[in-house]
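A.B. asks: Chains A and B are the protein sequences, given in the same order.
Number 219 in the UniProt record's numbering belongs to position 219 of the first sequence; there are no gaps in the numbering.
Number 26 in the UniProt record's numbering belongs to position 26 of the second sequence; there are no gaps in the numbering.
Don't read these hints as lab results, they were simulated from the structure.
Be aware that one or more of the hints could be misleading.
[Said to hold, decoys possible] Straight-line Cα separation of at most 30 Å, BS3-like style, residue types lysine-lysine; simulated pairs:
{"hint": "1", "chain 1": "B", "residue 1": "Lys-28", "chain 2": "A", "residue 2": "Lys-152"}
{"hint": "2", "chain 1": "A", "residue 1": "Lys-343", "chain 2": "A", "residue 2": "Lys-224"}
{"hint": "3", "chain 1": "B", "residue 1": "Lys-53", "chain 2": "A", "residue 2": "Lys-492"}
{"hint": "4", "chain 1": "B", "residue 1": "Lys-28", "chain 2": "A", "residue 2": "Lys-492"}
Fair warning: this is a prediction, and the values are worked out from it, not measured in the lab.
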Amino acid sequence: MVKTKTKLATIAVTFLAAITLAGCSNNSSSESSSAAVKLQTAYKNPDKTDKSATKNGTLKLALVNNAPFQGITDPALAPNESDSQAFAPGGSGNLFNVDKNYKIVDGGMANQKLDRKAKTATITLRSNAKWSNGSPVTAKDIEYAYEVLGNKNSTSQQYSSDFENLEGMAEYHAGKADTISGITYPDGENGKVAVLHFKKMAPSMKFAGNSYIWQYVEPYEYIKDVPIAKLAASEQIRKNPIFTGPYKLDKVVEGESTSWSPNKYYYGKKAQIGHITINVVSMNNIDKALQSKKYDSVVPSGAGSLGGTDYKNLKSLKDYTKVGQPAFTYSYFAFNLGHFDTKTGKNVMDSNKKMANKNLRQAMMYALNIDQVTKKFGNGVKQRANTLLPPIFSKYYDKSAKGYTLNIKKANKLLDEAGYKKRNGSKWRSDPKGKPLTIYFGAMTSSATTEATYQDYLQQWHKIGLNVKFTNGKPMEMNSFYDTLQKPSQDKMDIWLGAWSTSSEPTETQLYGDTAPFNYGHFVTKKNSELISAMNNSASWNDKTRTKVFKEWQNYMNSQAGVVGEEFSYNWQPVNNRVKGFDFGPANNEFYSDLTLTSSKLK
Amino acid sequence: MWKTILRRILIMIPEVIILSILVFLLAKAMPGDPFTGSINPKADPAQLHHLMKINGLYDPWYQQYWNWVVHLFHGNLGNSYQYQEPVTRLIGSRAVNTLWLALFTTVLTYCFALPMGMYAAKHEGKLPDSIIRVYTYVTFCIPFFVILVIGVWIFGYVLGWFPTTGSISSTANPGLPSIGSRFYHILLPGVLGALFGTVNVVQYLRSEVIDAKRSDYVRTARSKGVPEKDIYRHHIFRNSLLPIAAFAGYSITGLLNGSLFTETVFSYPGMGLLFINSISYRDYTVITALVLIYGILNLLGTLLSDIILSIVDPRIRIQ
C-alpha cells in the first residue's frame with residue numbers, strides 16, 4: 001500500500017544542504033530538459049552472469065529517506081512505505097502474483113478464485129509454501145492477518161470499513177466476536193484453503209491492492225502468543241521476523257540498514273545473489289552516493305524515490321542504466337465547493353460557495369501554464385496531469401483527455417461570460433454581484449522549486465484579473481494544511497494544491513465518493529456518484545465496461561473542474577551495469593530472485 | 001555544600017512539574033494529530049478516529065495529563081505512535097547512538113582545544129597565536145552543515161575513506177568487529193565536529209591564560225624561581241579553567257542533545273533527528289518525553305556546573 005505524503009521532517013536542513021550540494025556541482029540550474037522521459041521497466045544487461053560473483057557477492061541498495069525507518073516488518077502494522085522498502089527482499093508475505101494491470105493471476109504463493117454467486121473468494125495456498133523458519137504457511141495465516149488488521153486493540157492504520165464487507169468482520173472489530181465468522185477452512189486451520197464469505201462482491205476484488213481482500217499472510221504460529229496490541233513492538237516483528245519471500249533477514253540495524261541472504265524454504269525461483277544490503281541514505285546525499293558508486297541501485301517503490309533534480313544530476317551517470325515507469329502519484333487542484341454533513345456522513349455541495357461557479361473554476365485552470373512549469377522544472381520526469389488517474393494504469397488512463405492547457409483568452413472569456421468583471425477601475429475582477437473577490441490558495445511548504453511554481457500560479461491568476469492570495473499569506477506546514485481541510489466545513493482555502501498516491505487498484509470511492517471524508521472539496525454530483533459506483537457494479541465485472549467507466553469518469557471530472565490534475569510524476573531509478581535481470585515492472589513477480597551480478601565489484 | 005545541592009534538587013521538582021504541563025499543553029496545541037500524516041486513499045478516517053479514541057486523544061487535556069503522570073511513575077512513557085514501540089526503548093536506542101558520537105566529539109574537542117588555547121596564550125601576539133585565532137574564527141564562521149556536507153563529499157564519497165551513512169555496518173559481526181565498525185562510523189563526524197567546534201574553549205582559555213600571566217601570584221612564583229613549565233601547569237592552567245568549568249556541566253548533560261545536522265547528513269539515527277521527526281509527526285508521547293528529559297538534563301547541567309565550579313574554585317563554595 002502506497003502512502004500519500006512522506007513527511008519531510010527535516011525540510012529546512014535538507015533545503016540548506018541541497019543548496020550546498022548544488023554549489024559543489026557545476027551544473028547550471030537554468031538548463032532544462034524538455035522531452036518527457038520514457039524508459040523501460042527492465043534493464044537488459046547483455047553481459048554474462050558471473051556465477052561466483054553472484055553467489056558470493058552483495059547487492060547494495062539504498063533506501064532514500066531523510067528519517068530512520070520504523071522497523072515494523074508486518075505489512076498490516078507498518079505505518080508507511082519506508083518499512084516495506086527496507087524489508088522488501090523478504091516478500092512481506094505477499095499472497096498473489098499479478099499481471100501488468102495488477103490483476104491477480106495464478107502462480108503466486110496462493111491462487112484466488114472468486115465465486116460471484118456464492119459471494120466467496122477461495123484462496124488456495126500452494127503446497128510448498130513455507131516461512132523462512134521452515135514451518136508451513138497455513139490457512140490460519142491468511143485469517144490471522146484479518147485479526148491483526150481488525151482487532152479492536154490493533155495499532156494498524158490499514159483497517160477500513162470496506163473490510164466489513166467480509167461476514168463477521170464488523171462484529172470482530174467491535175469486540176463482539178472472538179473470531180471472524182466469514183472466514184472458513186474446508187480442510188482445517190492447518191490446511192491450505194481459506195474461504196472468505198462476503199456480503200457483496202466487487203470487480204475490484206480481481207485486482208491486487210483492492211480494499212476488500214488483504215493480500216498478505218501473518219505467521220500465526222510464530223506470533224500467536226504476542227497480544228495484537230503489542231505486536232508492532234515485539235521481537236518477532238522487529239528483531240527476528242520470518243518471511244515467505246526469496247530472501248531471509250540476517251540482521252536489522254534499527255532505523256538504518258537491513259541485510260539478507262537467500263531463503264532456502266522459498267517456494268518460487270531460488271534467489272541467486274549471496275547477500276543483499278539495504279541502507280538508508282538521505283535525499284541530499286543520494287546523488288553523490290550513486291555517483292561515487294556506493295550502491296547498485298535504490299529500492300524500488302511505487303511512488304518513486306528519486307525526483308527531477310536527481311534525474312538532472314544522474315541522467316548521464318556512467319556505468320548505470322536508467323529504468324522507469326509512471327508513478328502511482330499525482331498532484332491536484334481542488335476547489336472548496338461545500339461541506340461534510342457529519343450527521344448523514346455525506347458531502348454536500350453548497351451553491352453559495354465562492355467557487356461554485358464552474359466558469360470561474362475552469363478559467364482558473366485555463367490560466368495556468370503547467371506545461372511550461374513541468375518543462376522548466378520537471379527535467380522530464382514530471383508531466384502535466386491531464387486527468388485524475390496516473391498513467392501507470394495503462395488500461396484505465398485516458399491518454400486522449402485534454403485537461404486544461406494555457407489559454408488566457410479563453411479564461412478571460414469564461415470570466416466575462418459569468419459576470420466576473422472589473423468594476424470601478426479596479427485591477428481585480430469582482431464577483432457577478434459586484435462584490436470584491438479575493439480567492440485564497442492553500443499550498444504546503446515544499447522545496448524551493450515547488451514554492452517557485454506556486455508563485456508562478458499566483459502570477460498567472462493575477463494575469464486574468466483574479467485576486468488570488470496564499471491562505472495565511474504563505475505556504476502552510478503540512479499538518480496545519482490537512483488540519484484545515486479535515487474540518488467538516490472550512491472557508492480558509494478556496495483552492496488548494498494537494499497530492500495523492502493511489503494503490504494498485506484505483507477505485508475512486510474513498511477520494512471522490514459522496515461519503516468520502518477525503519473528498520475535501522466536497523464535489524458531489526449525481527453523475528459523479530453514478531460513475532464511481534459503476535466502477536464496482538456488476539456490469540464492471542466485464543473489463544471493457546470497467547475501462548469505459550473509468551475513462552468516462554476522468555472526462556466528466558475534467559468537464560466539471562471540481563478537482564483538476566496538476567502533475568504526474570515518473571518513477572525512475574539508475575541501475576549499475578553489473579546487475580542483470582533487473583525488471584521492476586508490475587508483471588515481474590520474481591523481482592529479487594531474477595537478479596544476478598556480472599562482476600564482483602560495481603562497474 | 002550538600003545542603004545546597006539538596007536545596008537545588010528540591011527546587012527542581014516544581015520546575016519539572018511546570019515544564020511538563022507546559023510541554024504537554026504546547027504539544028497538543030499544535031495543529032494536526034499523530035495520524036494526520038497517515039491519510040491515503042485506502043486509509044479509513046473512521047479507523048483513524050478509532051485509534052485516536054483508544055489512545056485517549058479525545059479526552060480533556062487534564063485527564064490525558066493525569067494518565068500520563070500516573071504512567072510516568074510506573075516508568076512507562078507510553079508508546080510512540082509513529083514507531084509503535086515503547087518510548088523508553090526508542091529513546092534508549094537513539095540515546096546510545098547519540099552518546100557515542102557526542103562523547104567522542106567532546107573529548108576530541110577538548111583534546112584539540114586545550115593545547116591550542118594554551119599554546120596561543122603562551123605565544124601571545126606572535127605568529128602561532130595569530131594562526132590559531134584565525135583558525136578558530138574561520139571555523140566559527142562556517143555553518144556546521146556546510147562542513148559536514150563538504151566533509152562527507154570529500155572523505156566519504158570522493159576518497160571513500162569513511163562510511164557515509166548509519167552508525168554501524170549492516171554486516172558487522174557482534175563483539176569486537178561491531179565496536180570497531182561503530183567507531184569507524186563516528187570517526188568522520190566526530191573529527192569534523194571537534195575540528196570545527198573549538199572556538200569557545202580556545203578563546204576562553206586563551207584570554208584567561210593571558211590575564212593570569214600578568215597576575216601577581218604568577219609574578220611572585222616567577223620571582224621565587226619556579227620553573228616556567230610548572231608555573232603554567234600549576235598556577236595558570238588551573239585558574240584559567242574556571243570559565244570552561246562553568247560550561248562543563250552543560251556539556252556533560254548536553255551530550256544527549258544530539259546534532260540534527262550530523263544526524264541528517266550521515267543518516268545517523270540519534271536524538272536530534274528523533275526530536276524533529278516526532279514534532280512533525282505529532283508523536284506526542286515522544287515529544288513530551290524528550291522535552292522533559294532535555295529539561296531535566298538542563299537543570300542538572302546547571303547544578304553540575306555549580307558543583308564543578310565549587311570544586312575548582314573554593315572561593316565560591318556556598319555554606
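A.B. asks: Work down the list of hints and note, for each, if the structure agrees.
C.D. replies: Hints, one by one, checked against the model:
1. B:Lys-28 <-> A:Lys-152: Holds: Lys-28 (chain B) and Lys-152 (chain A) sit about 25 Å apart, inside 30 Å.
2. A:Lys-343 <-> A:Lys-224: With Cα atoms ~40 Å apart, Lys-343 (chain A) and Lys-224 (chain A) exceed 30 Å; violated.
3. B:Lys-53 <-> A:Lys-492: Holds - the C-alpha atoms of Lys-492 (chain A) and Lys-53 (chain B) are around 27 Å apart, at most 30 Å.
4. B:Lys-28 <-> A:Lys-492: Holds. Lys-28 (chain B) to Lys-492 (chain A) sits at ~22 Å (cutoff 30 Å).
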